[in-house]
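Using the sequences provided together with the hints, build the complete structure.
The listed protein sequences correspond, in order, to chains A and B.
Note that our numbering gives residue 138 to position 138 of the first sequence, counting from 1, and the numbers run on in steps of one.
Start counting at 1 in the second sequence, then tack on 262, and there's your number in our numbering.
Derived, one-sided and incomplete: chain B residues facing chain A with beta-carbon distance under 10 Å:
| id | residue |
| --- | --- |
| 1 | F275 |
| 2 | D313 |
| 3 | I314 |
| 4 | F342 |
| 5 | P350 |
| 6 | N358 |
| 7 | M360 |
| 8 | T361 |
| 9 | R364 |
| 10 | L365 |
Taking lysine-lysine and the DSSO-like style, the derived pairs with C-alpha atoms no more than 27 Å apart in a straight line are:
| id | chain 1 | residue 1 | chain 2 | residue 2 |
| --- | --- | --- | --- | --- |
| 11 | B | K331 | B | K269 |
| 12 | B | K354 | B | K432 |
| 13 | A | K7 | B | K354 |
| 14 | A | K247 | B | K335 |
| 15 | A | K19 | B | K354 |
| 16 | A | K18 | B | K390 |
| 17 | B | K331 | A | K7 |
| 18 | A | K253 | B | K331 |
No lab work stands behind these hints: they were computed from the structure.
Where is the CB? At the ideal position from N, CA and C, for every residue including glycine.
What follows is each chain in one-letter form.
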Amino acid sequence: MRWHRIKALVIRQIYLNKKSFPRIMDLLFWPMMALFLWGFISMFLAQTDSSGLNIITILLGAVLLWHVVQEGQHSVAIAFLEDVWQKNLLNIFVTPVTLAEYISSTVIFGLLRLAVAGIVMTIVAWVFYSFNIFTFGFFLVPFVVNLLFFGWALGIFAISIILRYGSAANSFAWGLIFIIQPFTAVFYPVSILPKAMQYVAYALPSTHVFEGMRAVIATGALPMHNLILAILLNIIYFALVMTFFTKMFARIKRKGLLLKLD
Amino acid sequence: MNVIEVKNLVKKFDKVNAVNGISFSIEEGKITGLLGPNGAGKTTTIQMLLDIVTPTSGEIEFFGMSVKKDREKVLSKINFSSPYVALPYNLKVWENLMTFARLYNVKNPMKKIEELAKFFDIKDLLPKMTSALSTGQLTRVNLAKALLNDPKVLLLDEPTASLDPDIADKSIKLLKKFQKERNLTILYTSHNMQEIETLCDRVIFINHGKIVDDASPKELIKKYGRKDLNEVFLHIARKGDKK
Numbered sequence: 001m002r003w004h005r006i007k008a009l010v011i012r013q014i015y016l017n018k019k020s021f022p023r024i025m026d027l028l029f030w031p032m033m034a035l036f037l038w039g040f041i042s043m044f045l046a047q048t049d050s051s052g053l054n055i056i057t058i059l060l061g062a063v064l065l066w067h068v069v070q071e072g073q074h075s076v077a078i079a080f081l082e083d084v085w086q087k088n089l090l091n092i093f094v095t096p097v098t099l100a101e102y103i104s105s106t107v108i109f110g111l112l113r114l115a116v117a118g119i120v121m122t123i124v125a126w127v128f129y130s131f132n133i134f135t136f137g138f139f140l141v142p143f144v145v146n147l148l149f150f151g152w153a154l155g156i157f158a159i160s161i162i163l164r165y166g167s168a169a170n171s172f173a174w175g176l177i178f179i180i181q182p183f184t185a186v187f188y189p190v191s192i193l194p195k196a197m198q199y200v201a202y203a204l205p206s207t208h209v210f211e212g213m214r215a216v217i218a219t220g221a222l223p224m225h226n227l228i229l230a231i232l233l234n235i236i237y238f239a240l241v242m243t244f245f246t247k248m249f250a251r252i253k254r255k256g257l258l259l260k261l262d
Numbered sequence: 263m264n265v266i267e268v269k270n271l272v273k274k275f276d277k278v279n280a281v282n283g284i285s286f287s288i289e290e291g292k293i294t295g296l297l298g299p300n301g302a303g304k305t306t307t308i309q310m311l312l313d314i315v316t317p318t319s320g321e322i323e324f325f326g327m328s329v330k331k332d333r334e335k336v337l338s339k340i341n342f343s344s345p346y347v348a349l350p351y352n353l354k355v356w357e358n359l360m361t362f363a364r365l366y367n368v369k370n371p372m373k374k375i376e377e378l379a380k381f382f383d384i385k386d387l388l389p390k391m392t393s394a395l396s397t398g399q400l401t402r403v404n405l406a407k408a409l410l411n412d413p414k415v416l417l418l419d420e421p422t423a424s425l426d427p428d429i430a431d432k433s434i435k436l437l438k439k440f441q442k443e444r445n446l447t448i449l450y451t452s453h454n455m456q457e458i459e460t461l462c463d464r465v466i467f468i469n470h471g472k473i474v475d476d477a478s479p480k481e482l483i484k485k486y487g488r489k490d491l492n493e494v495f496l497h498i499a500r501k502g503d504k505k
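Next up, the structure:
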């Protein structure tokens with residue numbers, strides 16, 4: 001992997017994003033709306049709830065951490081889709097850029113976006129709802145890393161599906177995250193879900209992070225099995241999606257469809 | 263010295279034989295036209311040379327290196343331009359060129375961009391959005407992009423398609439000038455026979471995925487007893503259809 005090529009693609013994303021109103025909206029406006037919505041819901045629930053649970057921390061912690069998955073997935077999938085829409089994939093892949101470099105650039109750019117959105121959302125949550133994400137302490141690091149990896153895996157899976165089924169699958173890139181969300185118990189414990197859904201939930205690394213987050217809030221300690229399961233599942237998913245993506249890219253080169261993806 | 267070697271190249275798309283066992287080599291510093299009717303296999307051949315389409319079988323070598331095994335090394339020494347492959351329209355021209363200069367690790371990229379912009383007379387276009395350019399301007403920007411890495415080999419797929427004759431002529435003259443200055447090797451596809459006649463040292467005719475002739479434009483005109491390359495093209499293409 002050559003850093004100069006990854007850097008070139010990251011800077012290109014910066015050029016593209018600073019001119020794109022929808023991408024700026026994606027970066028700050030929509031996450032902020034979700035934060036305000038859940039912020040007010042949690043304030044209301046906190047007023048009416050007598051269970052003693054820290055509703056604001058549970059819900060706003062979930063909103064902020066869910067944004068990590070969402071940004072991870074979108075940064076990979078949308079960067080790829082922009083190249084498809086602009087018929088630019090061929091231009092990119094006639095240069096010495098490798099698949100790994102291309103994916104790495106989307107991941108690094110996603111990290112930059114996440115840093116910007118994360119800082120702003122953290123400040124807003126603290127100012128408006130007195131919610132401090134750093135109450136999770138050092139547990140925040142494994143939470144964020146695991147959710148990022150899962151988000152990237154989802155993004156790579158989404159672009160693999162687009163490579164396989166073409167533009168008909170574009171909506172999948174946007175919608176995949178919303179298919180996952182109800183199963184992964186972001187805002188409620190897994191035990192609330194029907195039994196069949198619980199099996200699906202436990203197969204997702206993000207579920208173990210959100211269960212872990214709630215355990216940290218309730219007990220101050222992170223159950224190690226949650227962390228280990230999240231890491232193991234992430235390794236499995238990441239290996240599977242990278243294999244799938246490599247196969248789909250090889251397939252599209254075999255079929256000569258790289259320029260006909262739009 | 264041969265810079266491109268193609269041996270028994272085959273490409274099958276399901277049951278269609280797009281390229282059917284072609285072999286050729288291209289000498290350094292020569293401009294070679296790859297001609298043939300629509301669907302003859304020209305673009306597929308170029309895309310296989312660029313490792314964008316995987317061949318069913320056969321070998322492709324640039325500078326004695328396999329494009330499959332030494333992809334990064336080969337692609338850093340060659341470049342490609344086609345009007346059918348767009349540059350991102352929502353970037354400024356200089357941003358697009360800068361991105362590709364960085365991808366090729368060009369030293370002092372802005373100087374290189376300015377040098378090419380002067381050569382192709384696109385200096386005033388650099389701060390403009392790519393979406394605001396005319397087809398002729400886009401072609402020149404694409405050609406500048408294709409020369410950013412000082413390629414040893416340039417693959418051009420119908421670079422003057424959809425240009426008016428005046429702009430096409432200017433673009434070709436600029437390209438020819440650049441090729442002479444740098445001893446560039448060019449593989450060129452076009453449907454404009456006059457352009458091929460003036461530009462190319464050699465022509466490879468492909469029809470139904472096979473090489474049907476390979477000679478200089480003059481030799482081909484003489485061999486087929488025709489007035490110009492256009493008539494030779496019609497003769498070969500129609501003969502192929504009858505088969």
